[in-house]
Amino acid sequence: MEYDIIVVGGGHAGCEASLAAARLGNKTLLITGNIKNIADMPCNPSIGGPAKGILVREIDALGGEMGINTDKSLIQLKMLNTKKGPAVRALRAQADKITYPKEMLKTLKNTINLDIKETIVDDLIVENNKVVGVKLEDKKEIKSKIVILTTGTYLKADVLVGSKRTSSGPHGERPAKNLSDNLRKLGLTIQRLKTGTPPRIEKSSIDFSVLEKEDGDNILRTFSYDTMPLYKLDEQVPCYLTYTNKLTHEIINANLKKSSMYGGYVTGIGPRYCPSIEDKVVKFKDKERHQLFLEPESIYYDDIYLQGFSTSMPHEVQEEMVHSLKGLEHAKILKYAYAIEYDAIDPLEMKPSLENKILENLFTAGQINGTSGYEEAAAQGLIAGINASLKLQGKDPLILKRNEAYIGVLIDDLVTKGTKEPYRMLTSRAEYRLLLRHDNADIRLREYGKKIGLIDEVRYQKFKKKLDDIENLRIYLKENKITTKDNALLEKIDTSPILDGITYYDFLKRPGITINDLEKILNLNMPYETDVKEQVEISIKYEGYIKKAEKEAQKLKQLESIKIPNDFNYAKISNIASEARQKLENVKPLTLGQASRISGVNPSDIAVLSVVLKRGKYE
Amino acid sequence: MNDTIASIATSLGVGAISIIRVSGNDSISIVNKLFQGHDLEKVESHTIHYGYIKDKENIIDEVLVSVMKSPKTYTMEDVVEINCHGGIATTNKVLELLLLNGCRLAEPGEFTKRAFLNGRIDLVEAEAVSDLINSETELERKVAINGIKGNISSLIKKLRDELIKIISNIEVNIDYPEYQDIYEVTINDIREKIPLIKNELEEIVENYEQSKLIHEGIKVAIIGRPNVGKSSLLNKLLNSEKAIVTDIPGTTRDIVEGIMYLDGVKLNIIDTAGIRETDDIVEKIGVNKSIETIESANLVLLLLNNNEELTEEDKILIDKTKYKTTIYVVNKNDLETKIKLDKNLSNVISINTLDNKEIKILKEKIRDLFQLDKINNSDFNYITNLRQINKIKECLKIISDIEEGINDDLELDMLEMDLREIWEQLGFITGDSYDEELLDDLFKNFCVGK
Chain L
1 MEYDIIVVGG GHAGCEASLA AARLGNKTLL ITGNIKNIAD MPCNPSIGGP
51 AKGILVREID ALGGEMGINT DKSLIQLKML NTKKGPAVRA LRAQADKITY
101 PKEMLKTLKN TINLDIKETI VDDLIVENNK VVGVKLEDKK EIKSKIVILT
151 TGTYLKADVL VGSKRTSSGP HGERPAKNLS DNLRKLGLTI QRLKTGTPPR
201 IEKSSIDFSV LEKEDGDNIL RTFSYDTMPL YKLDEQVPCY LTYTNKLTHE
251 IINANLKKSS MYGGYVTGIG PRYCPSIEDK VVKFKDKERH QLFLEPESIY
301 YDDIYLQGFS TSMPHEVQEE MVHSLKGLEH AKILKYAYAI EYDAIDPLEM
351 KPSLENKILE NLFTAGQING TSGYEEAAAQ GLIAGINASL KLQGKDPLIL
401 KRNEAYIGVL IDDLVTKGTK EPYRMLTSRA EYRLLLRHDN ADIRLREYGK
451 KIGLIDEVRY QKFKKKLDDI ENLRIYLKEN KITTKDNALL EKIDTSPILD
501 GITYYDFLKR PGITINDLEK ILNLNMPYET DVKEQVEISI KYEGYIKKAE
551 KEAQKLKQLE SIKIPNDFNY AKISNIASEA RQKLENVKPL TLGQASRISG
601 VNPSDIAVLS VVLKRGKYE
Chain X
1 MNDTIASIAT SLGVGAISII RVSGNDSISI VNKLFQGHDL EKVESHTIHY
51 GYIKDKENII DEVLVSVMKS PKTYTMEDVV EINCHGGIAT TNKVLELLLL
101 NGCRLAEPGE FTKRAFLNGR IDLVEAEAVS DLINSETELE RKVAINGIKG
151 NISSLIKKLR DELIKIISNI EVNIDYPEYQ DIYEVTINDI REKIPLIKNE
201 LEEIVENYEQ SKLIHEGIKV AIIGRPNVGK SSLLNKLLNS EKAIVTDIPG
251 TTRDIVEGIM YLDGVKLNII DTAGIRETDD IVEKIGVNKS IETIESANLV
301 LLLLNNNEEL TEEDKILIDK TKYKTTIYVV NKNDLETKIK LDKNLSNVIS
351 INTLDNKEIK ILKEKIRDLF QLDKINNSDF NYITNLRQIN KIKECLKIIS
401 DIEEGINDDL ELDMLEMDLR EIWEQLGFIT GDSYDEELLD DLFKNFCVGK
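Quick mapping for you: the protein sequence lines, in order, are chains L and X. Sequential numbering of the first sequence, starting at 1, is according to our numbering. Sequential numbering of the second sequence, starting at 1, is according to our numbering.
It is worth saying that the hints were derived from the structure and are not from the lab. Given the structure is predicted, the values throughout are model-derived calculations rather than measurements. Here a beta-carbon is modelled for each residue, glycine too, at the ideal position from N, C-alpha and C.
In silico PhoX-like pairs for lysine-lysine, Cα to Cα no more than 25 angstroms straight-line:
#	chain 1	residue 1	chain 2	residue 2
1	L	K417	X	K165
2	L	K84	X	K193
3	X	K193	L	K548
4	L	K84	X	K397
5	L	K551	X	K393
6	L	K145	L	K391
7	L	K283	X	K165
8	X	K397	L	K548
9	L	K280	X	K165
10	L	K548	X	K393
11	L	K481	L	K520
12	L	K509	X	K397
13	X	K198	L	K548
14	L	K548	X	K165
15	L	K555	X	K393
16	X	K397	L	K551
17	X	K72	L	K572
18	L	K285	X	K165
19	L	K143	L	K351
20	L	K395	L	K145
21	L	K83	X	K193
One side of the interface only, derived from the structure: several residues of chain L facing chain X at Cβ under 8 angstroms:
#	residue
22	A51
23	K84
24	G85
25	V88
26	Q291
27	L426
28	T427
29	S428
30	L434
31	P511
32	Y545
Simulated restraints on C-beta separations:
#	chain 1	residue 1	chain 2	residue 2	range
33	X	I164	L	P238	35 to 43 angstroms
34	L	K285	X	E394	40 to 48 angstroms
35	X	I164	L	L489	45 to 53 angstroms
36	X	R104	L	Q393	49 to 57 angstroms
37	L	I562	X	D408	33 to 41 angstroms
38	X	E206	L	R510	33 to 41 angstroms
39	L	K547	X	R191	20 to 28 angstroms
40	X	R191	L	Q393	50 to 58 angstroms
This is chain L alone, in the form it adopts within the complex:
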């Protein structure tokens, strides 16, 4: 039996990749070490957050599954950064760790063209630098036109607790012991990364009465542009806050050498932004306390996830540490924290399509590419699935630009800058964040989803109607005026009177005035959905800033439009610094824009390069 596409790994990247591949008509096989673990959430029980929540929206706009699946399984939902501008708002859900994988598995099983197989992949079958299938642990071979590796943290995974190192994936799952060595033999660069997870505490052993409570929002919302809310506001499950204290820090400092990290047992590189609690205590000596979040993992079992307390201390020290926390004096640890080390490839060896530069027809997505996080993984999985399909159709890959999507920023960063630590999406990584809002992901990307074939006619028509509504509302606001007769009404809501008639559109530019205010004051009825009004409101209120951002993006386009031939010979240019030359040869940027973002490539190098590209030749 030969497949079009084999996806190796059933995590968030693997699910998106295999769904996209199968939905686009390819005979697809998903290989996982344990079917029960498909779409598992081995770390925090939440999806979304700043930047990450926008990734989920983008996945949904393109026709991926994460948004829809989160809507089916969320037990609390919040809009973050509501006091800040529209660019940085994002949804975050507490997702039920039982429901999320269950629903995803259901979707996978109901997808035609998609088979699922439980086994471990040991090696790739390669002919003339082209991947043509996989070798399984039982030496059997399965052929395919394309292989997508989404192996997460399972490549040569070691779990570390104190001085103890165990060869194991998360939750005691079997690791893939041979695949990364074989990838190295095939010419790929392999790096070692590290991450960690905090302890899980039994709910009934926590004294919640002394802790700060964090509830979900009072407004029903959804991640997906196409689903209706499935949860009830008053059934949302709360989170709680607690803090470390002097005692906790003393325990940590006294036992530092016992942790895997400070005892010198760890070789992988961990992320700066997700430090272990011992890291926080050591690196921020002056901080008297560190904030911790207690998040429910599921409504079907009792584990509480202690976010912010990831550690690689031995079990007995973890007991002491946890018991030093307010509200957790008598807490029972159900699962101990651990650090995990795993192999990853060097993302600089990938093309922006996520295809490998060394081995043709090999795509990679998720943690194997050096990222961290469910959302980052899912986004890459979707793109890998799409681009594998496009390749089989003989079409150009989908490469999203930095001003089009966080997904574009994510992949461009990976293939241009590489990463030495697990890469997390942050708002600050996006230079055009006002354009990359959570509210307009559909406007940015749905056309792509339709063109590729992941957005069906029904969903597309719904989107088209939204666009029409936005246009109609804008016209309405521009054509109707508020007059001096209405000044008495304005006074009521504390806004200064107008001197002359102005359009509703211009009136909305006043700070603090919303379309809802306008409807109320003038007793109007604008028959449009909330998201339509929101879209129009943002476009009016932030018009100047949006224009500025678009102008900036235009500049980027100019640099991006200067293409660098794939076989460009950097050795011939004598005036480039040798470090820059090496980096350029390594990354092989597709455009001058991409070249300019490579660290170690200076403006003067770009100047020379642009002269060369313009003149076509340089002596």
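Assemble the complex: chain L is given as a structure, and chain X must be docked to it using the hints.
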């Protein structure tokens, strides 16, 4: 590698010594062929050698030759500099010999371009060097050299450092909104910070305006009715400074009648109308022409006759110069005073343009008005380049956006985008961010040079 280029590095006609600079792979061997003295191919790097430049058997000039080997040179290539002593004609002859022996005549700014392309200097430095090429006076040269030392760079880097602190704090607030222990930047922080940054930037712009005086010189218009002594004043000013009298268009659009230097600052004496009296008595100074001149000048010298009462024409000119930096030069103070001036009129001096000593009074007054002594003593934290100053002005424009945003209660993360833009713009000045337009500009500027 690059071919070997040569050109005369000093401006022709000024000073006794001219330097010819040669840069490139073959620079040492080419000069060696023409040099009688040590074997330059065997000497240490960064040494100076006495000898002769010879054309076959004929000695062309007695020279000092500096040999500087790659990479510690201006262009990072092998560089030889020949100090010629024999004036323009011999210097040209030496250059000609170099060209005959394998050098190519350097394009304007090409040495600097190579230094930049070889990674020797950053953008700010490159631009300062281009200013150096263009610099005509000692003071101008000082400003340019200061730019090279990185004074502007360090000032701007300091501002960028301050900005990035706020920016990153706001970013953390955005990415980690639920951490209550992290300091939350408020609009008040921005409100306090902005005026400080604004002041620094405004100061840079002010300094620029002053440095523009150094670069472009002060445009001086001498006006007054016929026979009041304009031409004798002009001649006195020019003669006393051995200035070059020229009638070619200067850097400004005005006709520069003559150039003189005062404390190293260039004075461009503009407009010829009426100053050179002709035989044609009918040609009378038109008031309109004078008004035009007044408008374009930085400084007006309005000449009046001590020995006569004010005429209608004088009165019109006094009125027209009310809002202009003007020195009222009352001439012919050796004759009886018949003139009656409004006591409120400031900057009135009384001299005799025929007397060299009294010309000094006028110069002192100009020094005063333009604080030339201050220019001389200050530490030259100047940006001297139009592109750079435009970036600073853009930053000031963004700052006014921020001020407006603060008034409108705009969200912090929106204001932060503006802060980030300022940070980036400042980066363009120090060359920390890439902008193709900038490079086009820059290299265009080099070709204007020399």
